[in-house]
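Keeping their order, the protein sequence lines are chains A and B.
Mapping of the first sequence onto our numbering: position 255 corresponds to residue 255, and the numbering continues sequentially without gaps.
Heads up, our numbering is the position in the second sequence plus 1000, with the first residue counted as 1.
Keep in mind that a hint or two might mislead.
The calculated lysine to any residue pairs, modelled on SDA-like cross-linking and capped at a C-alpha distance of 20 Å, are [stated by the list, open to error]:
{"id": "1", "chain 1": "B", "residue 1": "1306", "chain 2": "B", "residue 2": "1281"}
{"id": "2", "chain 1": "B", "residue 1": "1010", "chain 2": "A", "residue 2": "51"}
{"id": "3", "chain 1": "A", "residue 1": "51", "chain 2": "B", "residue 2": "1037"}
In case anyone wonders, no lab produced these hints; they're calculated from the structure.
Number of protein chains: 2
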Amino acid sequence: MSNFWNPLIKQLEPYIPGEQLDDPAIIKLNTNENPFPPSPKVLTAIEEEAKTKLQLYPSPTVDELREEIGNYYGLKKEQVFIGNGSDEVLALGFMTFFEPGKAIKYPDITYSFYPVYAKLYQLDVDEIALEEDFTISPESFFHSEGGVIFPNPNAPTSLYLELEAIEAILKNNSDQVVIIDEAYVDFAEKSAVSLIDSYPNLLVVQTLSKSRSLAGLRVGMAMGHPDLIEGLNRVKDSFNSYTIDRLAIAGAIEAFRDTAYFEKTRKEIIATREYFRRELEKRRFHVPPSQANFVLASPADIEAEKLFTELKQAGFLIRYFNKPKLENYLRISIGTKEQMTKLLHAIDSITEK
Amino acid sequence: MSNFWNPLIKQLEPYIPGEQLDDPAIIKLNTNENPFPPSPKVLTAIEEEAKTKLQLYPSPTVDELREEIGNYYGLKKEQVFIGNGSDEVLALGFMTFFEPGKAIKYPDITYSFYPVYAKLYQLDVDEIALEEDFTISPESFFHSEGGVIFPNPNAPTSLYLELEAIEAILKNNSDQVVIIDEAYVDFAEKSAVSLIDSYPNLLVVQTLSKSRSLAGLRVGMAMGHPDLIEGLNRVKDSFNSYTIDRLAIAGAIEAFRDTAYFEKTRKEIIATREYFRRELEKRRFHVPPSQANFVLASPADIEAEKLFTELKQAGFLIRYFNKPKLENYLRISIGTKEQMTKLLHAIDSITEK
């Protein structure tokens, strides 16, 4: 604590991301990364861009990438905002649409960066308890004072909320912005992007870090009514004109163009998730029906924390939260089928001891 | 203006960066970019990194790059903070060290992003008038209520303030943070980094966008006492865990390792600046003694705005600000000697008409 920090900064409780280890001997299933590399076309685009003009600033408006994403989703570029990873997009969203004194609603079990943003921007919060089975009750998000945010699928529960329920939440918050954080939506049923033209209060946030294998490149986006996008751009342009570098722009464009690679890897991860879930259930784990690239799993024959610790010793990194309601759960990212089979063998060795 | 924006956002006046045109026919001397590409070793490092693991998150603590910069300047990594371009570093600095109700001091002619940050963070400001010759009077920055920030060399004046004067400002603001924004310092006499161990209230901000030819990669840094760096990291980790992508980290490390390339290109730009300045003076321009990779220049035989417009028509993009005290000045980035010679010919054609 330093006297040079202002009073707000002294109170912050920063977000702590999952461990990032570079040890190739470890099977890393703790931060929901994609086990597959990005499309080879993405790498070619990055190499080409690097050769040409890294000494020049990138486009501050990122129009080309916004148009590409617009084409993919049937939106205009004025409906697309780009940020330095979806965490930056979310932070700017909190800053633009929420305000001190008007409580925002988010689930009590959710992405743990939301309370951190709320502190940073001095927002009041109304944490809504999930149901016993970890599902979201739409009615409990109606009539917020200051806005709503939740991930769909939710993290770390992995559960998906149907678009009908999201529509009900939008209708019952018509004067407030509702942010749907779709970091994992490509592993789920359907994006809420289809609702954008009907609900001017809907902001959909996505990332290229999960389904598009580009966690290392830092690109996220928000989609919504042009007024919401303009608000985000005003804040971004008051903070940092050039948030996305040339290589990230070039790579991200190609990631949206190569739909064949995207569909292939996405479907393979979904198939592996279903295989892994069945195998865990055979081993008496409770596993809510995941629509993400991870599962939340509760073992019956061993304490979750003990299993987490023993798996770490055996070279498998997964995530244990040690939070109310999640004490006996583990979050496990979906890797390749080979990685998940190895993990199942390791679980068997530990539980059979 | 949308009702979904909060009251603060409605009041913002975002920064407007210089035009970024991709037209290769234009000689672009308007945003102080480096005319030379980055070191070939930087490009190799980027290509190698792209091949390995873009699907994995980068290091959230960026330790390897912090150590490399620390080695370069004789600092520990705990004295180095990394951000997504120096604009992000500055924004986070404003947020961490300055606070509403305590006016900060900066020059009346300076980097035009400072008033934008001040609005974003609702800070009171005390704009200090430069002397007639655009120099900074150190005494006028003594005893600030809330902190001090200015670029050295200042932009767009191009003038450098000696370290003795900076020490006097530091001594007379011992309870406040003094941010020296050294975006252009590699084209000047000496960095204030040498003062860091003596002044715990000094934060030095630099960028890889100018002297290291990496405007397209978005990397900036702050250096100072470990307490100041820890404060910046607290805010960063409450905003966005992973601000620097893997390719930017790999490229930036190599940019600091290849000192030979850096020295060669840096010296060439300084030599071209001196040549260009002499040539402008021969043509009766008033040109303050620049220590940056640009000059501020006032023509005697034509209005600055007219020259700006005619040069644009002739295919040369420079910067005209249309602000008090700068009405008859132009800011011209230093390109290659060939580019500057072409520009001089174009100026001759216009003024001899």
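Verification of the hints:
no. : hint             : in the structure
1   : 1306/B to 1281/B : holds (19 Å)
2   : 1010/B to 51/A   : violated (41 Å)
3   : 51/A to 1037/B   : holds (9 Å)
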